[in-house]
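Colleague: If you want the building blocks of each chain, they are given just below.
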Amino acid sequence: MIINHPLLGPRDSSEFVYLGDANLINRPNWQEDSAVRQFVDYGYLRDNTAGLHRELWFHEYGDRSWLVVTRDTVSHEIKEVRLASDVATEEGR
Amino acid sequence: MKYSGFKIIKEALTGHRGWGPAWRSPDPSSEYDYIIIGGGGHGLATAYYLAKEFKQSKIAVLEKGWIGGGNVGRNTTIIRSNYLLDGNEPFYEFSLKLWEGLEKELNYNAMVSQRGILNLIHSDAQRDAFIRRGNAMLLNGADADLLSKEQIQKRYPFLNTDNARFPVKGGLAQHRGGTVRHDAVAWGYARAADSYGVDIVQNCEVTGFKIEKGICVGVDTTKGFIKAKTVGACVAGSSSRLMQMAGMRLPIESHVLQAFVSEGLKPILPGVITFGAGHFYCSQSDKGGLVFGGDIDGYNSYAQRGNLPVVEDVCEGGMAIFPMLGRVRLLRMWGGIMDMSMDGSPIIDKTDISGLYFNGGWCYGGFKATPASGWVYAHLLATKEPHKTARSFRFDRFSKGLMIDEKGMGNQPNLH
Ligand SMILES: Cc1cc2nc3c(=O)[nH]c(=O)nc-3n(C[C@H](O)[C@H](O)[C@H](O)COP(=O)(O)OP(=O)(O)OC[C@H]3O[C@@H](n4cnc5c(N)ncnc54)[C@H](O)[C@@H]3O)c2cc1C
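Here the protein sequences line up with chains A and B, keeping their order.
Take the first sequence: its position 23, counted from the start at 1, is 46 in our numbering, and no numbers get skipped.
Take the second sequence: its position 209, counted from the start at 1, is 1322 in our numbering, and no numbers get skipped.
Do not rely on the hints blindly, as some may be mistaken.
Below, a list of computed lysine to aspartate or glutamate pairs in the DMTMM-like style, where the Cα atoms sit at most 20 Å apart [unchecked claim]:
#1 B:Lys-1513 - A:Asp-56
#2 B:Lys-1210 - B:Asp-1258
#3 B:Lys-1513 - A:Asp-64
#4 B:Lys-1282 - B:Glu-1318
#5 B:Lys-1217 - B:Asp-1241
#6 B:Lys-1463 - A:Asp-56
#7 B:Lys-1282 - B:Asp-1296
#8 B:Lys-1463 - B:Glu-1429
#9 B:Lys-1323 - B:Glu-1498
Listed next, with one range per pair, are the computed distances between beta-carbon atoms [stated by the list, open to error]:
#10 B:Arg-1442 - A:Trp-53: 28 to 36 Å
#11 A:Asp-109 - B:Glu-1263: 57 to 65 Å
#12 A:Arg-50 - B:Arg-1228: 35 to 43 Å
#13 B:Pro-1436 - A:Trp-53: 29 to 37 Å
#14 A:Arg-60 - B:Trp-1132: 51 to 59 Å
#15 B:Ile-1381 - A:Leu-47: 41 to 49 Å
Source of the hints: derived by calculation from the structure; they are not laboratory data.
Cβ atoms here follow ideal geometry from the backbone N, Cα and C, with glycine treated the same way.
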């Protein structure tokens, strides 16, 4: 798989480390009453979608930036690559 | 029909006209006491033990493709019970004991071969960890044997024991471990279950659950609605997709694991060798092919095929420990979808929906579990109580902090 890095251009996926579902950006608020329940879901439950999946990749052997990659888990085709910091800002994190 | 040496001779002399199909191909009934979703090793074994050990009837196995087309026919066939933790080891040792009697039990040649498995050790710290694991195995009635470098060199003279980065300093052997012909396990359980009246329905995909007031009363399938008192999901890599139809999110990610087989060679490798530090393990099939693999690719996938970086990584690991591999040609490679759980251990439990049960999260190690998984799942479905070797495989272990994390990796499925 080739990941088209927004700053560095096309890079081989083996330069990256995979973390998982990009919903991990949305860490629950620890001060909420239901925080324990929310953290169990956040830590352990996944949609595990077959089809388009937004996921976090870290450019470990590169510029060490976090990316949000939208990839089809059935065909491995990559549809979109963005800097995770941009995505997080947009989502109000 | 009973298979035997006598029967083979008789058929050879009479033109092989007396063999019938090994199992029927029935249309599904409108109603069953038990529906097992998924005709992999675990689903077929569950149906068999439900009928045989728990004396239940009106059982169906629904398989979306053909039986043996999933991971049970894609794995690298290794069986062993070399686990460390209390939640796991009694279960896997129960499984290994069932493997030891399986062929007689099923009247089917599954080519169970206890040729032994050897995990290589490269450092003092790793030796300490393996001694601890070996002791845990012994305490649970399994066998474990710590081998010296010299003993390993004698049995495997071709291993590169003096690699500068990973010198072989010994190994933990389980002599009762080995390999089993994987699809024969699916066929053997299918034939035996069928003989107890279990309906094995192929080309029948479950497309939804009918849930009324919190009770599962049946399943929608590509062959119509089928009513059931008890429904057991058992679909390995498709677990999240299936349970989503019942409104559940699982502590599971689906990942692809690749495997490889070389051209046929003369017998060179007597047992199974794992070189964990180099992401490589290998055995030799009875046809002569070297069967080998390594780590999962590491990203969510339902594609049943992997990518080249892992191929390179596995082959490098193989060359490092096994330099004579260099001139061997690769014959075939393939991938299967693993139900990687959040702590690397399986789940066999009831769900919050009455009448609906779940078996999954086997990661890359569910083949060796097949007989015990079938037995304990049948126990749960028939008695509504977990079997004594499977009490820890619960859904709520994640919220209670009772993870069974053999490798101590935490909630990162691609590291287990
Ligand atoms: C490359 C590779 C190597 C492996 N090596 C080993 C090893 O050496 N040792 C070991 O112990 N384990 C190994 N494993 C793991 C092992 O193969 C699996 O954990 C185990 O086979 C899973 O259980 P199963 O046999 O029931 O799964 P499967 O055979 O995958 O059965 C699940 C079935 O469910 C069916 N299904 C899915 N969705 C539906 C639906 N909606 N309706 C109806 N049916 C459905 C599928 O078609 C499939 O046939 C390996 C796996 C792979 C891929």
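Colleague: Now tell me if each hint is right for this structure.
Modeller: Hint check results:
1. For the proposed pair B:Lys-1513 and A:Asp-56, the alpha carbon gap of about 18 Å is at most 20 Å, so the pair holds.
2. Among the hinted pairs, B:Lys-1210 with B:Asp-1258 is consistent with the structure: their alpha-carbon atoms are about 18 Å apart, no more than 20 Å.
3. Under the criterion of a C-alpha separation no larger than 20 Å, the hint pairing B:Lys-1513 with A:Asp-64 is consistent with the structure, at around 12 Å.
4. Restraint check for B:Lys-1282 and B:Glu-1318: the C-alpha separation of about 50 Å exceeds 20 Å, so the hint is violated.
5. Using a Cα cut-off of 20 Å, the hinted pair B:Lys-1217 and B:Asp-1241 is violated, with the two alpha carbons roughly 39 Å apart.
6. Taking the CA atoms of B:Lys-1463 and A:Asp-56, the gap is about 28 Å. The hint is violated against a cut of 20 Å.
7. A threshold of 20 Å between alpha carbons decides the hint, and for B:Lys-1282 with B:Asp-1296 the separation of about 36 Å lies outside it, so the pair is violated.
8. Proximity of B:Lys-1463 to B:Glu-1429 is assessed by CA-CA distance (about 43 Å); at most 20 Å being required, the pair is judged violated.
9. Between the alpha carbons of B:Lys-1323 and B:Glu-1498 the distance comes to roughly 24 Å, so the proposed pair goes past 20 Å and is violated.
10. At about 56 Å, the CB distance of B:Arg-1442 to A:Trp-53 disagrees with the hint of 28 to 36 Å.
11. Taking 57 to 65 Å as the suggested C-beta distance range, the pair A:Asp-109 and B:Glu-1263 conforms, at roughly 59 Å.
12. In this structure the supplied range 35 to 43 Å is violated for A:Arg-50 paired with B:Arg-1228, their Cβ-Cβ distance being about 49 Å.
13. Checked against the hint of 29 to 37 Å, the C-beta distance between B:Pro-1436 and A:Trp-53 comes to roughly 53 Å, which is inconsistent with it.
14. In this structure, A:Arg-60 and B:Trp-1132 meet the distance hint of 51 to 59 Å, their C-beta atoms being roughly 58 Å apart.
15. For B:Ile-1381 paired with A:Leu-47, a C-beta distance near 46 Å keeps the hint of 41 to 49 Å intact.
Comparing the model with each numbered hint stated earlier shows that hints 4, 5, 6, 7, 8, 9, 10, 12, 13 do not hold.
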